[in-house]
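S.K.: Residue-level listing of the chains:
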Amino acid sequence: MLRSLSTFFHGRNAFYIALLLAPPLLWLGTVYLGSLFTLLAQSFYAIDEFTAKVVPELTLKTYRQLFTQPANVDIVVRTVLMAIAVTIASAVIAFPIANYMARYAGPKMKAFFYVGVMLPMWTSYLVKVYAWRLILAKQGIASWAIASLGLERGLDSLLATPVVGGPSLASSYIGMFIVFVYMWLPFMILPLSAALERVPASLLQASADLGARPGQTFRNVVVPLALPGLAAGSIFTFSLTLGDYIIPSVVGAPGYFVGMMVYQQQGTAGNMPLAAAFSVVPIVLIALYLSLAKRLGAFDAL
Amino acid sequence: MTAAIELKDASRAFGTVVALDRVSLTIAPGEFFALLGPSGSGKTTCLRLIAGFDHPDSGTILLDGEDVTDVPPYDRNVNTVFQDYALFPHMSVAENVAYGLRVRRVGAAERAGRAREMLELVRLGDFGDRRPGQLSGGQKQRVALARALINRPNVLLLDEPLGALDLKLREEMQAELKGLQQRLGITFVFVTHDQGEALSMADRVAVFSQGRIEQLDTPRGLYTRPRTAFVASFVGSANVVEGPEAERLTGRREPFAIRPELIEVIAVDQQAPSGAISCTGTLEDVLYHGSSSRCHVRIDEHTTLAVARAESVAGTPLPPQGSRVRLAWRAESMVPLQAG
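As given, the protein sequences belong to chains C and S, one line each in that order. Mapped onto the working numbering, the consecutive letters of the first sequence carry residue numbers 27 to 328. Mapped onto the working numbering, the consecutive letters of the second sequence carry residue numbers 23 to 362.
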């Protein structure tokens, strides 16, 4: 019976593949893409001014509202700037760690680093965010540590910086930035070290052999070949920051972020079209970012 | 004349494994020098020390009479062709070749011109715009060669340069490398485990075994006067006879080597020429190779000798397997070996 079945499939590759792929494709198609397109469609729906009910009439009014109301534009700009800052900082911090993991660490050290990088991801996200609020609070452990190092002045002048500063780390954009970087760093380290691991040591030796100093080898060989990993990692850090609504509502200055806006509009405000329009923003930004990365050759070495 | 490369008592161990054991070596400018040995014999470690990718635990390395033991690879006037070619996948062929100039901050126009010149030298003039991924193994090899030569090094190091190529291409590249070396007049040091390659290309060969140089000689010297049993059987093939068998055949206990092609097979009842060493044995097997055939003859319970015979159309064929035959060779064909 089984034999005749396998004989039947032999040579009918397309049929076999279709059979295997049908369930996951159905799942992906309906649950992921289907709901995404429903969301997209919702952003073009109108809202009845009197009853505040969503009516399926196509309109660009929501987008006009998104891009012309200064408050909404502020939210988008604020979120994007934060996402860029978090991505750059994550990349800068992750690179040496990933490079060490990929090139220098022995098998034991490497395992230790992998666990060390992933362990924080296994604990509750909310617990970590609230812990950070306490750490960064005015009388918290961070300001205590800074004070005992005699660096209070530095912290004070940092918090006195307009826009990013605030009364304490926990209620400033600097604090929010620190928590974001803490949260998303593993998502940068892992793809980056995977990409660096695929760079053969002989390429680095060849570069040195041809006269490149370590800095030149890093710029000309290591970074270009790590670009796919850097692109993958930055997509994580960028999009996670764009979409998050918990960190900005627990830590940092009171200004709204895209994620919070989506949460509020579809929840309490019941403005589904505006929430949908806000959630289209990260999608479009990531798509732009990917096409830019592709044009810059980030995926050429794949 | 100062030596192009000199190693003095260089040692290198990895953990408990001694890769290189107090090796001293002098390579003259313009020489085509081969480091020959089985894997793990220390030949690649030796090359890496010269290139500067590795540091000796003790001993010194001199290039052009200058101590470079602590000089990093980017400050040595030595370039390397890697076994896996190590072409940069994110650069075009021309960019790969010009890399050595780029990191030395040579202007873009001169870079392009010299890269083109180098590519023409290796007969890949029109391939500058391609990516390394689009090239065949032989083409990658040539790009690696052009890239290593663009800085006009005094010494070119080649790590198993032909290892990944198929037989036909390998023979072509052997002739090409040899010609290139003669035209450029720079020192070539190449690592290989293929004794045929070492014999046909090199001016001198250092045979490595277990981290030491077993013998350093010209190819002809290595083949005709191997000093040890290892060299005798690693370079070409040889019958190594020692102990009681040696005594029975020659009257002395010292081990000796005899090349298969220097042994003659004659009929068992025929008289050996005067002065020749002779013995009888059983013909065990015959392998036909076209231009020659090889057979094994058992002369006593411990010893079989390999014999190679040039095949000629008119030659008498060997007797059938299992026959008794007489072997004979001239006394001066035997090479005495160091015991050990």
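Honestly, the hints are just simulated from the structure, not real lab data. From the three backbone atoms N, C-alpha and C, an ideal C-beta is built for every residue, glycine too. Don't take each hint at face value.
Chain C regions said to be covered by chain S (calculated; three or more residues, Cβ under 8 Å) [what the hints assert, rightly or not]: (1) 130-141; (2) 220-230.
Simulated restraints, written as ranges between beta carbons of each label pair [unchecked claim]: (3) R152(S) / I43(C): 41 to 51 Å; (4) D225(S) / I43(C): 36 to 46 Å; (5) A227(C) / S80(S): 35 to 45 Å; (6) G52(S) / G241(C): 33 to 43 Å; (7) L206(S) / L322(C): 15 to 25 Å; (8) L47(C) / S158(S): 19 to 29 Å.
S.K.: All the hints need checking, so say for each whether the structure fits it.
M.R.: For each hint, the structure was consulted:
Judged by the Cβ-Cβ criterion of 8 Å, the region 130-141 of chain C is not covered by chain S as claimed, because only 0 of its residues qualify and three are needed. Here's how the region 220-230 of chain C fares: 3 of its residues keep a CB closer than 8 Å to some CB of chain S, so the rule of at least three is met and the hint holds. The hint said 41 to 51 Å for the Cβ distance between R152(S) and I43(C), and at roughly 34 Å that hint is violated. Between D225(S) and I43(C), the C-beta spacing of about 59 Å breaks the proposed range 36 to 46 Å.
A C-beta distance of roughly 25 Å is found between A227(C) and S80(S), which places it outside the suggested range of 35 to 45 Å. Roughly 35 Å separates the CB atoms of G52(S) and G241(C), a value that falls within the hinted 33 to 43 Å. The given range of 15 to 25 Å is broken by L206(S) and L322(C), whose C-beta atoms sit roughly 39 Å from each other. Between L47(C) and S158(S) the beta carbon distance is about 36 Å. The supplied range of 19 to 29 Å is therefore violated.
Hints 1, 3, 4, 5, 7 and 8 from the earlier list are contradicted by this structure; the remaining hints agree with it.
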